[in-house]
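Participant: Position chain B against the provided structure of chain A, taking the given hints into account.
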Amino acid sequence: MQSLTLYDKIWNAHVVKTYEDGDVLLYIDRHLVQEVSSPQAFASLIESGREMRCPDAHIAVADHAVPTRFRQKQLPDGHAAQQISRLRANAVRFGIPYVPMHDRRHGIVHVIGPELGFTLPGATLVCGDSHTSTHGAFGSIAFGIGSSECECVFATQALRQRKQKSMRVTLNGRLGDGVAVKDIVLALIAKIGTKGGVGHAIEYAGPAIATLSMEARMTLCNMSIEAGSRVGMVAPDETTIDYLNGRPLAPRGAEWDAALAYWKSLPSDRGAVFDREVALDVSRLAPHVSWGTTPEETAPINGFVPDPDVETDPERRARMKRSLEYMNLKPGTRLSDIAIDRVFIGSCTNGRIEDLRAAASVVKGRRIAASVVGMVVPGSAAVKVQAEAEGLDYTFLQAGFEWRDAGCSMCVAMNDDRLVPGERCASTSNRNFEGRQGQGGRTHLMSPAMAAAAAITGRLVDVRSLLA
Amino acid sequence: MKSFDRIVSVAAPLPEADVDTDILFPARFLLLPDKTGLGKHLFHERRSQAKFDQSGFVLNSPPFDRAEILVAGPNFGCGSSREQAVWALLDFGIRCVIAPSFGEIFYSNCFKNGALPIILAEEQHGIVLRAAKTGAALGVDLEQQIVNLPSGDVIQFNIDPHRRRAMLLGLDEIGAILTDDINDILDFEQRRRALSPWLHLNKAELSVLLADKEPIDE
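Order-wise, the sequence lines are chains A and B. So the first sequence is residues 1 to 468, counted in this note's numbering. So the second sequence is residues 1 to 218, counted in this note's numbering.
For reference, chain A alone in the conformation it holds in the complex:
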């Protein structure tokens, strides 16, 4: 029998039909709906007079535009309030479940999908958001789509797709102290580039994966899109199953047993062949920070801002020059000499409980630098409650951080959480694009522990130097 990959198996199980040209109509089991990519899709559905094919396959939640403080107050009239109320009205109209901002299950779509057990191994899941790759951590095919495709899923519960090529990223070795999965994925993107994964579905495998928690696997899969790949996956194992057991929407009883048997058949077959193989030894990895305006412009913290003049590729040289100009950095500067103004800990990349624990362990008993404004934004209300139960809020507040409510916040800067022009931020988010965290803002991507360390010292710093 032919050896199949994890991606092959789930793909094959979701083929509704194959067209003459090899395209496939792919069935979509789950759709997460947020306020930014859905209004035009709903409007078009209404305009065309089409019906919502399967209301129970969707969950709607507003995460991008929601405020992360003063929630008890009425939202001021404006675009954000309209966008949120419009999502609610559309959800009510079409009978799809809606999670309100004040609900204990509220949060970023990519945090609450897994928390609710909406995200399952072997499923196909989409959302009008590129970081939908996060859900691949459970061994699902999950990918970001545009608004037009959201409408297609509303109306048909399927998408015409072409199968991706496969890429296996094998992670060997064991992470050192103070080094996190964010460092792995930043190092990977630096290695293969922001278009290194285009056209490929990535499967992360190897001995280092087995040791990673679900939270860490989600960080890894989340960042796949920053390597150009819409899909990042990890095969389900005991860690996956332990995480899902008892989640509100996870199967129960006989269905759980049947699901479990199926999930255990999903990992790639021993002889499965991938179109591309990449290996990375993580044991000697240093913490990484980005210095430019694309996630591939990343280096170990003990390094320097590179010099475009020694770059031989003209395209990369031009890119680097532009990045350094925007970032206001000089070649040859020690990365650990870069002073910062703001620290953002949160996002669908690093806003989960484990991330907050890692940051809090660095912060505990310390104060953030006088020159720095730091904020911690849990990825969901559930993460916030858990963190408060563990006293992490106290640790952050004592250190001088702001402790906010859940949302996308300063990862996408659609609400009031924004950098002002020229401000420099140590951020646990996923994109250091120009203006991503606010017009004229400058972003350095890093792990939660590294962002916490930067807050304490007021500059980029190797967190390992702060560990006892």
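One or more hints might be untrue.
Said to hold, decoys possible - The calculated lysine-lysine pairs, modelled on DSS-like cross-linking and capped at a C-alpha distance of 27 Å, are:
1) K133(B) with K321(A)
2) K133(B) with K35(B)
3) K191(A) with K165(A)
4) K321(A) with K2(B)
5) K51(B) with K2(B)
If you are wondering where the hints come from, they were derived from the structure by calculation, not from laboratory data.
Facilitator: Only chain B this time, still in chain A's reference frame:
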């Protein structure tokens, strides 16, 4: 969907690598709820900065301010899935982007809206870019899959046949699935119910979501 046949226009050269959708359409404008009228925010930061310091930005500078073609760099449209990037390009008047490579979601979004993304190999891309810089008009013909250069030379490109046909005829993909494939979808759903019943959610299960919800107006 609006159909696409051929266009003749000046082509704005913007050969920068990794122009992401945040640059194309900054996130704060995502609060605007509609598809139309977004062109004024296309490349908002670049265009306003260039006006401020008079540094010049290609889409501010005649004749390229009326370009219907953009000759872009590699990995154009990477990053966020926001379809607003495509709607803003179209509203501005740009209906075709020629680049060595594209971000995947952006590439797919283009076809849903009658915008044509053309991938050219480095050498061909270089030829088109040089022609674009002269400010002379180029032709893009989807039927024949060629770019006509001012020199009279033609550059061949390839678009997936299904997508090409859909663009030429302005087909409605959702309508086609509902007309042609709905029985296949129904069959699939029956099979799925039998094989993997746990993937089927029902109102009762979803009601756990709606329980103990506080009645708060948003």
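Participant: Go through the numbered hints given earlier and state which of them the structure violates, listing their numbers in rising order.
Facilitator: Per hint list: 2, 4, 5 violated.
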